[in-house]
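> Spelled out from the first residue to the last, the chains are:
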Amino acid sequence: MSSLLTRVKLKQIEQSIEAGKRLDQRGLSDFREFTIEQGVIEKAEGSAKVFLGKTEILVGVKIETGKPFPDTPDNGVLTVNAELVPLASAKFEPGPPGEQAIELARIVDRGIRESGAIDTAKLCIESGKKVFVAFVDIYVLNHDGNLIDAAALAAVSALINAKMPNYEIVDDKIVIKQGYTPLPMKDHPVTVTIGKINDKLIVDPGLEEEDVMDSRLSIAFTDDGNICAVQKGGAGYFTVEQTIEATKLAQSTVESLRKKLKW
Amino acid sequence: MKDKTKKLLNKKGLRLDGRKLDELRSVKLKVGVLPNADGSAYIEHGKNKILAGAFGPREMHPKHLQRADRMVLRCRYHMAPFSVPERKSPAPSRRENELSKVIRDSLLPSLFVENYPRTGVDLYIEVLQADGGTRCASITAASLALADAGLPMRDIVVACAAGKVNGKIALDLMDTEDKVGDADVPVAYMPNLNAITLLQMDGKLSTKEFEEAVKMAIEGCKKISDIQKEALKTKYKVIKQEEVEE
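Just so you know, the protein sequences line up as chains Z and P, in that order. Using the working numbering, the letters of the first sequence correspond one by one to residues 124 to 386. Using the working numbering, the letters of the second sequence correspond one by one to residues 58 to 303.
Derived from the structure by calculation, the hints contain no laboratory data. None of the values given here were measured: they were computed from a predicted structure. Among the hints, erroneous ones may be present.
Which bits of chain Z does chain P cover? Going by a derived footprint, with three or more residues having C-beta under 8 Å, they are [claimed, not checked]:
1. 225-239
2. 343-353
3. 366-376
Here are the in silico distance ranges between beta carbons for each label pair [claimed, not checked]:
4. Ser263/P to Gly143/Z: 27 to 37 Å
5. Lys77/P to Thr158/Z: 46 to 56 Å
6. Phe192/Z to Glu80/P: 31 to 41 Å
7. Asn251/P to Asp347/Z: 27 to 37 Å
8. Gln223/Z to Lys280/P: 31 to 41 Å
9. Glu269/P to Val208/Z: 36 to 46 Å
10. Asn321/Z to Pro149/P: 42 to 52 Å
11. Glu165/Z to Glu80/P: 38 to 48 Å
All C-beta atoms, glycine included, are put in the ideal place defined by N, C-alpha and C.
If we strip away everything but chain Z, and leave its shape as in the complex, we get (with noise of 0.2 Å):
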């Protein structure tokens, strides 16, 4: 809704929604096509590049050892960080994590964690004491639209690609031993943003949709099709009906992009 350009941008995409097609020739509920490269740098315990259409995310997993939180003793832990890199887009300036990267990166978050994606039991070394924390980092390297499910898409193919580090304890300490074993996955979610224009509901915006769509519903979906996570961004509102609808829409989208998550 800022420039100039995007309101003249805004009748041409209304009208063409109108019409019950996109400016880049899509039906309102296409996903744009998208490729997963997993294993994409050898210095991270697992690593996956997502393009979505001219979207770009890296997510990269470090896996180190840490303390466990004092309420969840036996459990891993997990960390998700988002960094919005200032070479993705002019609107991205260098800097700590503003609003919006901290958004992402919670999104990304808690349909992982909600998910229970990570059999963080597993994690677990010596009680109170020593885990495996998973350390995932989100690099957005071009931004053409919706990053959350970029970004969720990558995270997760990052996590099934992420591999521990075999120890064994002597003397109450931790010897790493040679070999990997993967990282203990149970649920594998997967994120449908779907758009508000004009009252149409638009499924993956693209950049110029996201300029003067009005607000989104992000909704995380498990293996078996339960939600685990939601939020709604953006100025605007979804009436009750259209939230219904929004949910739907997701769904009947999630399965066709899980079957491209490899296990």
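Add chain P to chain Z, keeping to what the hints say.
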């Protein structure tokens, strides 16, 4: 992971604090509590105690954040170090950053931002005591603070959560239920427009349960909305009486 075995419902189906599944905690609202703010409100929602203060519309500083065609709403949600059992560092956490953003997004649809170009409104929310559902209580209070500041609004935004405890959908989760329960769905709502302006969820729900939770939360919102309006009227009723006495 969370301890899911804790019993949150007794044999009669009542919750830890004796509430029924569809029962709200007590909600008390007071408008105009901060003399220096242009608008303010205080809410006690169960054990949550939250202050919200609005400043503006005023000139936006720094100037590069001004927008030529509209007002800018800035929002800061902050928890006092003593508001939770273990001292919280006063520096804003990532959670607080995210909540500041979603609260702002939940209030913007109610404002006519295009009528106040180049201005800014600062909204400061201080959680003095937290007991689950602070983002909803914050929105309920913050929207009243904006109304008290004299901003024309499409509707007053009200918020309430629903969730799932021991397999049952329940209204307005308190802290223990939120932490131990299966899911939490905070909803902000504009009753006159039937518009949902904040919707989040964590936990696990089927699509049917999710729908049920959203609808239950909206029923809660409608009840709190009445308390909100009453609180706003009360402030101005008092002023009127004083005028008559003079």
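> Could you work out which earlier hints the structure fails to respect and list their numbers in ascending sequence?
Hints 10, 11 are the ones this structure does not satisfy, whereas the remaining hints hold.
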